[in-house]
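Novice: Could you build the full structure based on these sequences and the hints that come with them?
Residue numbering for the sequence shown is 10 to 54, as defined by the working numbering.
What the hints contain is simulated information worked out from the structure, not anything from laboratory work. For each residue, glycine too, the CB sits at the ideal point set by N, CA and C. Take every hint as true, because none was put in to throw you off.
Beta-carbon label-pair distances, calculated as ranges:
(1) K35 / M10: 33 to 43 Å
(2) I40 / R19: 13 to 23 Å
(3) T53 / G26: 20 to 30 Å
(4) R23 / V51: 14 to 24 Å
(5) M10 / R43: 27 to 37 Å
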Amino acid sequence: MHYPHKVSRRKKVRKVGFRARMKTRKGRKIINRRRRLGRRVVTTP
Numbered sequence: 010m011h012y013p014h015k016v017s018r019r020k021k022v023r024k025v026g027f028r029a030r031m032k033t034r035k036g037r038k039i040i041n042r043r044r045r046l047g048r049r050v051v052t053t054p
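Specialist: Okay, here's the thing in structure tokens:
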């Protein structure tokens, strides 16, 4: 059986987490754009 690629949670958080986004100008832009959309729109599949 072939298992999917498993990324460590710590690595993922450091790369795409909230604090990582807030560090860069573009990351803050992403967060603001998502906030404008609203939680329901962003999280529903």
